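Position chain S against the provided structure of chain F, taking the given hints into account.
First to last, the sequence lines map onto chains F and S.
Quick note, the first sequence lines up with residues 1 to 259 if you use the numbering used here.
Quick note, the second sequence lines up with residues 260 to 518 if you use the numbering used here.
These are calculated hints, taken from the structure and not from any lab test.
Just so it is clear, the structure is predicted and the values come from calculations on it, not from any experiment.
Glycine is no exception: its CB is placed at the ideal position from the N, C-alpha and C atoms.
Hints may be right or wrong, so weigh each one.
Incomplete in silico selection of chain F near chain S, CB under 10 Å [as the list claims (entries may be wrong)]:
1) M3
2) K7
3) R56
4) H60
5) D91
6) I93
7) N95
8) L97
9) T98
10) L161
11) T166
12) D167
13) V168
14) K253
15) L256
16) Y258
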Amino acid sequence: MLMKNLKKHLNLFLVLSRMHIISSDYRSFLGALWSFAGPLLSLGVLYFIFIDRFGRQIPHFPLRLLIGIVLLSSFKLVVQVVMQAVSANRDVIINSLTPPLVIVLSAVSVPFLKFIVEITVCIALAVFAGIFPFRNIFSLLGLSVFFFLLSLGVGFILAILYSFATDVLEIWNSISPILFFVCPIFYTLNMLSPWGRNLAYTLNPLTPFMICFQTLILGVQEPHLTSATYLHALLWALSLFLIGLFLSKKFEKQILEYL
Amino acid sequence: MRRKVLEFQKVGKRFRIYQVQKTLFRLGKSLAARIPFKRDLWVLQDISLNIKQGEKVALIGRNGAGKTTFFRVASGIYPATTGTVRRTVPISPLFRYGIGMNPHLPVIDNVYILGAFYGLSAGRIKRKLEEIIDFCELEKLLYLPVKNLSSGQVQRLSFSVFAQSDDAFLAFDESASLADARFQKKCDSYFKQLMTSDKTILIASHNQEILSRYCGRAIWLEEGRMQAFDSCGKTLAAYGKFCQTYNPAEVVRSPALAK
Numbered sequence: 001m002l003m004k005n006l007k008k009h010l011n012l013f014l015v016l017s018r019m020h021i022i023s024s025d026y027r028s029f030l031g032a033l034w035s036f037a038g039p040l041l042s043l044g045v046l047y048f049i050f051i052d053r054f055g056r057q058i059p060h061f062p063l064r065l066l067i068g069i070v071l072l073s074s075f076k077l078v079v080q081v082v083m084q085a086v087s088a089n090r091d092v093i094i095n096s097l098t099p100p101l102v103i104v105l106s107a108v109s110v111p112f113l114k115f116i117v118e119i120t121v122c123i124a125l126a127v128f129a130g131i132f133p134f135r136n137i138f139s140l141l142g143l144s145v146f147f148f149l150l151s152l153g154v155g156f157i158l159a160i161l162y163s164f165a166t167d168v169l170e171i172w173n174s175i176s177p178i179l180f181f182v183c184p185i186f187y188t189l190n191m192l193s194p195w196g197r198n199l200a201y202t203l204n205p206l207t208p209f210m211i212c213f214q215t216l217i218l219g220v221q222e223p224h225l226t227s228a229t230y231l232h233a234l235l236w237a238l239s240l241f242l243i244g245l246f247l248s249k250k251f252e253k254q255i256l257e258y259l
Numbered sequence: 260m261r262r263k264v265l266e267f268q269k270v271g272k273r274f275r276i277y278q279v280q281k282t283l284f285r286l287g288k289s290l291a292a293r294i295p296f297k298r299d300l301w302v303l304q305d306i307s308l309n310i311k312q313g314e315k316v317a318l319i320g321r322n323g324a325g326k327t328t329f330f331r332v333a334s335g336i337y338p339a340t341t342g343t344v345r346r347t348v349p350i351s352p353l354f355r356y357g358i359g360m361n362p363h364l365p366v367i368d369n370v371y372i373l374g375a376f377y378g379l380s381a382g383r384i385k386r387k388l389e390e391i392i393d394f395c396e397l398e399k400l401l402y403l404p405v406k407n408l409s410s411g412q413v414q415r416l417s418f419s420v421f422a423q424s425d426d427a428f429l430a431f432d433e434s435a436s437l438a439d440a441r442f443q444k445k446c447d448s449y450f451k452q453l454m455t456s457d458k459t460i461l462i463a464s465h466n467q468e469i470l471s472r473y474c475g476r477a478i479w480l481e482e483g484r485m486q487a488f489d490s491c492g493k494t495l496a497a498y499g500k501f502c503q504t505y506n507p508a509e510v511v512r513s514p515a516l517a518k
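Same shape as in the complex, but just chain F (with noise of 0.2 Å):
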């Protein structure tokens, strides 16, 4: 019975993707594309904005700067579909016996493919610039992978959160732009004061990662980065994605209840 189980929800998580993503822009090339005007359009604006104070003393400053808001607006996405994917599908969870669980990873299977589109454009790039190391793409697919379990992870808490107080959304809407000054995205981690340093380290999950990705796809060596930045990002990873992950199977019921 439980493998007929894993079998049926897995066939309904599997045609709920593909019903996500046929009904985006992603069922073509060209609709991938569009969906990148976006980041484009912050790159260009910030990069005239920063360009004078910050720009001129960090190597490949544009694409540092793609890179950063590629990885900042794809979190944003995931956690925000993830806290809206239960509440969005209430009837469908109190009616059929759907898991909440498939439901919301079938919805960011679209976040997913975008951010897959979006960092590919980065490396593209950076192959373009003559300046991405090739040894670097199994990391990168790895780094990719824990960077979404991080996403899932915070947006499974504040999922939770939203189920108990409904304003949690509006006032993650308010403070997530927040987050674009304090990873380091137009600026590196040695223009801060030791102080702050720490801080934007040590307390902001998404800092180890943007740094890993920006070395690994710009193959510049990051004054801060050692080995012990990519187990910090990896532990950020699983342990916000098993907190989450864990916290939702043991309030599932509840909020099948508030809905």
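Below, chain S alone, put in the same frame as chain F:
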């Protein structure tokens, strides 16, 4: 002797109802001031019964009597608050039409989506596609987005896919009241076939003619309590008598409201 497929032992279901929209501030205030922010609503109380394999059981009661909650607890969507529910076979529920459908996608894609929700694999749907389309009579609209269908057509589509389910225990909530007279006739022949099969059926409807025609036993719920669980004829008669007791001159008002 036929084995029990569903057993309720002193089952109760309580919902915690929030009187106003939950916000972090209101939750915090309620915790600090120790003012209860939610109240308990018992939707099902003290229900004990069992349904044997192959039985056809009707579920009757007024609006808000707890029929839908009974279905959800029986099929495992909601856990029971008190008592125990034992199921030896999975229950395939049809509580609402069109759940999970994507209104922007064509009918053909939505057949696969509905199939996945009802536990049918893509391969099985592919094999049964002609049968489904014949049953719902939507062959001319296969590539039309579902948002352009009437609600009756959506019902026909949902029912046609659900009818392919080969689960041993099916639960229908208000499912007999379907679309137009022509389709109703089709459903009648489906139900006739279903009711003579060895499948276990739990069906809720306000259409007493259908229930008395097909069901051997009936459960009558009133304000979340089981009033009767007897032969269909006896239970329907008792319920009919109860409905006749309504006196238009009688003012039904709670003391709190009267104040």
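> Per the CB criterion, is R56 (chain F) less than 10 Å away from chain S?
Replying inline: Violated: closest Cβ of chain S sits about 44 Å from R56 (chain F), beyond 10 Å.
>> Would the hint on N95 (chain F) be counted as holding, given a Cβ-Cβ threshold of 10 Å to chain S?
In response: OK, holds: N95 (chain F) within 10 Å of chain S, min 4 Å.
>> Hint K253 (chain F) vs chain S: min CB-CB distance below 10 Å?
In response: holds (5 Å)
> Holds or violated: K7 (chain F) as interface residue toward chain S, Cβ cutoff 10 Å?
Replying inline: holds (8 Å)
> When the nearest CB of chain S is found for D167 (chain F), is that gap smaller than 10 Å?
Replying inline: holds (4 Å)
>> Let's test the interface hint: is any C-beta of chain S closer than 10 Å to that of M3 (chain F)?
In response: violated (13 Å)
> Can Y258 (chain F) be said to touch chain S, with a Cβ gap under 10 Å?
Replying inline: At 8 Å from the nearest chain S Cβ, Y258 (chain F) passes the 10 Å test, so the hint holds.
>> Next item in the hint list is L256 (chain F). Is there a CB on chain S closer than 10 Å to its CB?
In response: holds (7 Å)
>> Holds or violated: the hint that T98 (chain F) contacts chain S, with Cβ atoms closer than 10 Å.
In response: holds (6 Å)
> Is the interface hint for D91 (chain F) satisfied, with its Cβ closer than 10 Å to some Cβ of chain S?
Replying inline: holds (5 Å)
> When the nearest CB of chain S is found for I93 (chain F), is that gap smaller than 10 Å?
Replying inline: holds (8 Å)
> Given H60 (chain F) was flagged as interface, is its beta-carbon under 10 Å from a beta-carbon of chain S?
Replying inline: violated (41 Å)
Figure legend: structure checked against the earlier numbered hints; hints not met, in rising order: 1, 3 and 4.
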